[in-house]
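Asker: All chains, full assembly: derive it from the sequences and hints.
In the order they appear, the protein sequences are chains A and B.
Quick note: the first sequence uses this note's numbering, first residue 12, plus one each step.
Quick note: the second sequence uses this note's numbering, first residue 75, plus one each step.
No wet-lab data here; the hints were simulated from the structure.
None of the values given here were measured: they were computed from a predicted structure.
Some hints could be false.
As the list claims (entries may be wrong) - Distance condition first, Cα-Cα at most 25 Å in a straight line; then the derived BS3-like pairs of lysine-lysine:
#, chain 1, residue 1, chain 2, residue 2
1, B, 327, B, 161
2, A, 167, A, 138
3, A, 340, A, 322
4, B, 264, B, 366
5, A, 167, B, 366
6, A, 167, B, 264
One-letter residues, chain by chain:
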Amino acid sequence: MTTSRRPRLNIGAVRSSFAPWTDPTLQPLVRFEGVTKRFGTEIAVNDVSLSIYESEFFALLGPSGCGKTTLMRLLAGFETPDAGRITLADQDLAGRPPHQRPVNMMFQSYALFPHLSVEQNIAFGLKQQGMPREQIADRVVEMLELVRLNGLAGRKPHQLSGGQRQRVALARAIAPNPRMLLLDEPLAALDKKLREETQFELIALQQRLGMTFLIVTHDQEEAMVTADRIAVMREGQIVQIGRPAEVYETPNSRYVADFIGDVNLFEGSVTAADGKLVKMTTADCPAGFEALEDDAVAVGATAWLGVRPEKIQLHLDPPRDGPNRMAGKVADYGYLGDWTTYVVELESGRTVRAARANASRLVARPIACDDPVWLTFTPDAAVVLTR
Amino acid sequence: MSGRSRTGLAALAPLLWLGVFFLFPFFLVAKLSLSDTALAMPPYAPRVDWSAGIEGVRAFFAALDFETYARLTSDSLYVASYLSSLKFAAVATGLLLIIGYPIAYGMSRFPPSQRLALLMAVILPFWTSFLIRVYAWIALLKPQGLLNAALAQVGLGPLNILNTDTAVYIGLVYAYLPFMVLPLYAVLEKQDQSQLEAAADLGCTPSQAFWRVTFPLSLPGVGAGALLCFIPMVGEFVIPDLLGGSGTLMLGKTIWTEFFANRDWPAASAVAIVLLATLVIPIVLYQRQQQKMIEAGQ
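Answerer: Right under this line is the structure:
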């Protein structure tokens, strides 16, 4: 099955040509249609509609309690929707128990079987499929090589490190060759260094197998690095779906802007909007703001300007007057090694975060607390948010 | 005082206890089993003649022998009584597993808030004296008892259960059920529910998930429960004595008969020592299994 699938194109600019969701002739692999799930009086998933395409790496991102895990468990069959339907390859999954669904899940706790060896854990689903013994042995060896666990076949889970256990769980879920792999916070239990390495391994693995991956995570970096598309969730609903760069650079709400990465939000009112440039007045900047925005914005309406800290320039000498220019003094800074984040207090009293890459080794700190500084940003660095 | 000698003192307490209440009586019984019967009070010989000094002690040891043990093997009553006891204990352990496992499993699937109440219900019978509960079974099972009265109401019976092996099995299963349920419950309750979900995800129906995951993971509890019931049941006296018939052959009864009816203390002691030796084997096996589990970090 795997080999017959269309091979995926690679990372970077070429990968951006993989966009099945823009092709109206393609049928999605998985479709959620108006799915709602309640637990008692609490609505965990609220009228969610979503399509995931063959060979896509899709991420559900949101804070804990936003319903992302419930949405995945609905697909796996561990929960039953109260309303709506879920189809996989145009087949309604309603009434199908988990063991009859062609999806496999990698659990957050890994849920390895402690009484079985690594080999037996990986073979578990294959045995259940009724695969002949010799084929199981071959498939297990293949899986062990795939996740680089050769030589550990006979170990029991308690004899493995956390990272090795994670890979066993991954191999066990991939072995039966599911139509779709569900990953519930797959990297949450790993330390930072290992997590970063494993992110790239996951991408490589997904590309090699051409398998459809659905990952649930609360870690925005994990979602950004691994996924083709991200769905940002809030209180049981999807608030935005897009490529990682789209979600980061053009968030559709203050919630998304704030959840993904750091953002400075300035409240103001729109004075002019011509479909290209939006002008705003604000208490934080005497000359007002200008931002490139091709979406229609009503003149006179309240809006928020979102500017990411790394898109703000910090000046020690006053730049020339104009819009998008604010004066203040350094209230605090945090040295992160690669970046330094400055917290600047404006004359209006509010604080703004500005980040600077530490391009050269820091000998004498050029900027100290209480230093007067000026902040500027270009019109294409800012995004106008109306909700 | 150094910390080391403090722990030494602390270790002394259980040793002292075991010495006084286990080892010393054990040696007394072992010595008795090597003696001969005598028409005297106490009814065995030899006894140390302290007036003869070291010679007396030497004569005492010279008179000890294994004659009683030889008698145990030659008299088919003892062999039959061992085999019968082992059979009673083994069959009852099997019945306890069949009855206790579903109870423990059911309890572990209740919401945690309700489990405590169920646990209390399992332990509750201990609040009544064991003897009274066994007597209650007599009242239930006797020919004019409650069971037969109830059966007569629906035109059945009467069943003659009391003073048969069946009554002994009923009594054993009833009395030892908590000792089977509690260790089973302890392992089943600990089970990670996501393992069952993983099994379902990998294609198992609920019953397949039970046999491939839940049951193998509960084996330590099965072992603990089985040994906890099997070992005391082999030597059980009260239940076969009160509920069993004249033909019910169990070691506890044999020891009692030898001791009180036949006044053959050496034979009773020898039977007890052999029983102890027989039970050491499953206990050692159990300990080794526990050790393995601890090493496995479970």
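Asker: Would the hint linking residue 264 of chain B and residue 366 of chain B be met if the CA-CA limit is 25 Å?
Answerer: Roughly 18 Å separates the two Cα atoms, so the pair holds.
Asker: Does the alpha-carbon distance linking residue 340 of chain A and residue 322 of chain A stay inside the 25 Å limit?
Answerer: holds, 18 Å
Asker: Against the 25 Å threshold, does the CA-CA distance of residue 167 of chain A and residue 138 of chain A hold or violate the hint?
Answerer: Given pair residue 167 of chain A, residue 138 of chain A holds - Cα atoms ~18 Å apart, limit 25 Å.
Asker: Hey, residue 167 of chain A versus residue 264 of chain B, does the alpha-carbon distance stay inside 25 Å?
Answerer: The hint holds at about 19 Å.
Asker: Holds or violated: are the alpha carbons of residue 327 of chain B and residue 161 of chain B at most 25 Å from each other?
Answerer: holds, 15 Å
Asker: Straight-line Cα separation of residue 167 of chain A and residue 366 of chain B no greater than 25 Å?
Answerer: holds, 13 Å
Taken one by one, the earlier hints all hold for this structure without exception.
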